[in-house]
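Work out the full structure, taking the sequences as your base and the hints as a guide.
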Amino acid sequence: MAGTVIGAGITIEGEVISDEEVVVQGTIRGKLQAKEGVTVEAGAVVEADIHGGPMVVAGAVTGNIVSSDRVDLQSGARVVGNVKASRITIADGAQFKGNVDMDV
Amino acid sequence: MANDTTTVLGRGTRVRGRITGGQDLEIHGHVEGEVSASGEVTIESTGTVSSSIAARTSVVRGAVRGDLTAEDAVHLEDGARVVGDVRAPRIAIAQGALLKGYVQTGDASAQRSGASRPKAAAADPVRTAPVAARPAAARPAPAPPPRKVEKPAARPAPAPAKRPAVVTLSGAKAAPSPVVPALKKGAKGALAKKRG
Chain H
-17 MAGTVIGAGI TIEGEVISDE EVVVQGTIRG KLQAKEGVTV EAGAVVEADI HGGPMVVAGA
43 VTGNIVSSDR VDLQSGARVV GNVKASRITI ADGAQFKGNV DMDV
Chain G
1129 MANDTTTVLG RGTRVRGRIT GGQDLEIHGH VEGEVSASGE VTIESTGTVS SSIAARTSVV
1189 RGAVRGDLTA EDAVHLEDGA RVVGDVRAPR IAIAQGALLK GYVQTGDASA QRSGASRPKA
1249 AAADPVRTAP VAARPAAARP APAPPPRKVE KPAARPAPAP AKRPAVVTLS GAKAAPSPVV
1309 PALKKGAKGA LAKKRG
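Chains as they are written, first to last, in the numbering used here: chain H, -17 to 86; chain G, 1129 to 1324.
It should be emphasised that the hints constitute simulated quantities derived from the structure, not laboratory data. On a predicted model such as this, the values are computed, not experimentally measured, just so you know. A portion of the hints provided could be inaccurate.
[Claimed, not checked] One side only, chain H facing chain G, incomplete, derived with CB under 8 Å:
hint: 1; residue: Val(-13)
hint: 2; residue: Gly(-9)
hint: 3; residue: Ile(-8)
hint: 4; residue: Ile(-6)
hint: 5; residue: Gln7
hint: 6; residue: Gly19
[To be verified] Here are the simulated lysine to any residue pairs, SDA-like style, with alpha carbons at most 25 Å apart:
hint: 7; chain 1: H; residue 1: Lys17; chain 2: G; residue 2: Ser1173
hint: 8; chain 1: H; residue 1: Lys17; chain 2: G; residue 2: Arg1142
hint: 9; chain 1: H; residue 1: Lys13; chain 2: G; residue 2: Gly1194
hint: 10; chain 1: H; residue 1: Lys17; chain 2: H; residue 2: Gly75
hint: 11; chain 1: H; residue 1: Lys13; chain 2: G; residue 2: Ser1178
hint: 12; chain 1: H; residue 1: Lys13; chain 2: G; residue 2: Gly1161
hint: 13; chain 1: H; residue 1: Lys13; chain 2: G; residue 2: Ser1179
hint: 14; chain 1: H; residue 1: Lys13; chain 2: H; residue 2: Gly63
hint: 15; chain 1: G; residue 1: Lys1228; chain 2: G; residue 2: Ala1201
hint: 16; chain 1: H; residue 1: Lys17; chain 2: G; residue 2: Arg1144
hint: 17; chain 1: H; residue 1: Lys17; chain 2: G; residue 2: Thr1134
hint: 18; chain 1: H; residue 1: Lys17; chain 2: G; residue 2: Arg1139
hint: 19; chain 1: H; residue 1: Lys79; chain 2: H; residue 2: Ser68
hint: 20; chain 1: H; residue 1: Lys17; chain 2: G; residue 2: Gly1161
hint: 21; chain 1: H; residue 1: Lys13; chain 2: H; residue 2: Gln56
hint: 22; chain 1: H; residue 1: Lys79; chain 2: H; residue 2: Gly12
hint: 23; chain 1: H; residue 1: Lys13; chain 2: G; residue 2: Thr1133
hint: 24; chain 1: G; residue 1: Lys1228; chain 2: G; residue 2: Ser1164
hint: 25; chain 1: H; residue 1: Lys13; chain 2: G; residue 2: Glu1160
hint: 26; chain 1: H; residue 1: Lys17; chain 2: H; residue 2: Glu2
hint: 27; chain 1: H; residue 1: Lys66; chain 2: H; residue 2: Gly19
hint: 28; chain 1: H; residue 1: Lys13; chain 2: G; residue 2: Arg1193
hint: 29; chain 1: H; residue 1: Lys13; chain 2: H; residue 2: Ala40
hint: 30; chain 1: H; residue 1: Lys13; chain 2: G; residue 2: Ala1201
Here a beta-carbon is modelled for each residue, glycine too, at the ideal position from N, C-alpha and C.
Okay, structure coming up:
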């Protein structure tokens, strides 16, 4: 089980800073910073800049995403913001508006 | 859906901000901000919360610096360290739990009306004796009133007796106030005469 789970009924307004994996099913407004992976599940709403390790996004993200590893935007994801990562995948059906910055 | 998953804030997680929601909440990490949930909030032994917590039920095994309010119950279990007021219909404090603060059990309506009274009562002792800790204020509530009585008596009453110089000063201070109304009265009378 992941270290931190923000459940579907929960809203956090502020900063979330974690040394471990974070799974978001609810809502975060502010800032999300993790050392490990971040998963934004379908139905989740993140209105925040996200910094972290490998990321999987299936929910809605408004904000910039910076990953030290990879970012996977899955089908059903809705991302408005810039994405910076060494590897990025965007699945068919993912909505995305923003710049992509990969190590080229 | 609301109770499908419990929200868990892991040991390595720090939240600065407000947490709200209708779910159960398990805090192993650190929260600096208000927590309000309509489910059960559990602060585990590694968890710290430095703000108030409102929930249906709160279970504390960690540290809380802030008020605990619950619609149903608050359980302070072994290892709990709480500095703040605790209000809930039912409160359980287990052996090994540490608490510094005002505690009130009972129904919500009694809590509210009761809450304002003891706070107001406790406020004066805290002001007059700032050294006294918050919880101490709740316990020796009858003790502070004598202090109050002593203090007002100590300032105005002995002062004239000990220092006559002060009496003249205080007398000088006291004197102008009747003079002003007297002038007003006279002025009013004069005005009335003028009008008449």
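Outcome of the hint check:
With 8 Å as the threshold, the beta carbon of H/Val(-13) comes within range of chain G, its nearest partner Cβ sitting at about 5 Å, so the hint holds. Annotation: H/Gly(-9) was flagged as interfacial toward chain G, and the flag holds, the nearest CB pair being 4 Å apart, inside 8 Å. Satisfaction of the interface hint for H/Ile(-8) is found here, the shortest Cβ-Cβ separation to chain G being roughly 4 Å, below the 8 Å cut-off. Taken as an interface hint, H/Ile(-6) checks out: its beta carbon lies about 5 Å from the nearest beta carbon of chain G, inside 8 Å.
For H/Gln7, the shortest C-beta to C-beta distance to chain G is roughly 6 Å, which falls under 8 Å, so the interface hint holds. A cut of 8 Å between beta carbons decides the hint on H/Gly19: the least distance to chain G is about 13 Å, and the hint is violated. Of the pairs offered as hints, the one joining H/Lys17 and G/Ser1173 holds, with about 23 Å between alpha carbons and a cut-off of 25 Å not exceeded. The hinted pair formed by H/Lys17 and G/Arg1142 meets the criterion: a straight-line CA distance of about 12 Å does not exceed 25 Å.
Using a Cα cut-off of 25 Å, the hinted pair H/Lys13 and G/Gly1194 holds, with the two alpha carbons roughly 24 Å apart. A threshold of 25 Å between alpha carbons decides the hint, and for H/Lys17 with H/Gly75 the separation of about 28 Å lies outside it, so the pair is violated. Between H/Lys13 and G/Ser1178 the CA atoms are separated by roughly 19 Å; this keeps the pair inside 25 Å, and the hint holds. Simply put, H/Lys13 and G/Gly1161 have alpha-carbon atoms about 14 Å apart, close enough for the 25 Å limit, and the pair holds.
For the given pair, H/Lys13 sits about 19 Å from G/Ser1179 by alpha-carbon distance, which is consistent with the 25 Å threshold. Taking the CA atoms of H/Lys13 and H/Gly63, the gap is about 14 Å. The hint holds against a cut of 25 Å. For the suggested pair G/Lys1228 and G/Ala1201, the alpha carbons sit about 18 Å apart, so the restraint of at most 25 Å is met. Distance hint between H/Lys17 and G/Arg1144 is fulfilled; the C-alpha atoms sit about 17 Å from each other, no more than 25 Å.
A distance of roughly 22 Å separates the Cα atoms of H/Lys17 and G/Thr1134; the hinted pair therefore holds under the 25 Å criterion. Distance hint between H/Lys17 and G/Arg1139 is fulfilled; the C-alpha atoms sit about 13 Å from each other, no more than 25 Å. The hinted pair formed by H/Lys79 and H/Ser68 meets the criterion: a straight-line CA distance of about 18 Å does not exceed 25 Å. Restraint check for H/Lys17 and G/Gly1161: satisfied, since their Cα atoms lie roughly 22 Å apart, inside the 25 Å limit.
Only pairs whose Cα atoms come within 25 Å are accepted, and H/Lys13 paired with H/Gln56 is accepted, the gap being roughly 21 Å. Of the pairs offered as hints, the one joining H/Lys79 and H/Gly12 holds, with about 20 Å between alpha carbons and a cut-off of 25 Å not exceeded. Between H/Lys13 and G/Thr1133, the direct Cα distance comes to roughly 22 Å. Compliance with the 25 Å bound is thereby established for this hinted pair. Proximity of G/Lys1228 to G/Ser1164 is assessed by CA-CA distance (about 21 Å); at most 25 Å being required, the pair is judged to hold.
For the hint linking H/Lys13 to G/Glu1160, the alpha-carbon distance of about 14 Å falls within 25 Å, and the restraint holds. Distance check on the hinted pair: H/Lys17 and H/Glu2 sit about 6 Å apart at the alpha-carbon level, within 25 Å; holds. Between H/Lys66 and H/Gly19 the alpha-carbon distance is near 15 Å, which keeps this suggested pair within the 25 Å criterion. For the proposed pair H/Lys13 and G/Arg1193, the alpha carbon gap of about 24 Å is at most 25 Å, so the pair holds.
Proximity of H/Lys13 to H/Ala40 is assessed by CA-CA distance (about 18 Å); at most 25 Å being required, the pair is judged to hold. Distance check on the hinted pair: H/Lys13 and G/Ala1201 sit about 32 Å apart at the alpha-carbon level, beyond 25 Å; violated.
Violation of the numbered hints given earlier is confined to hints 6, 10, 30; the remaining hints are satisfied by the structure.
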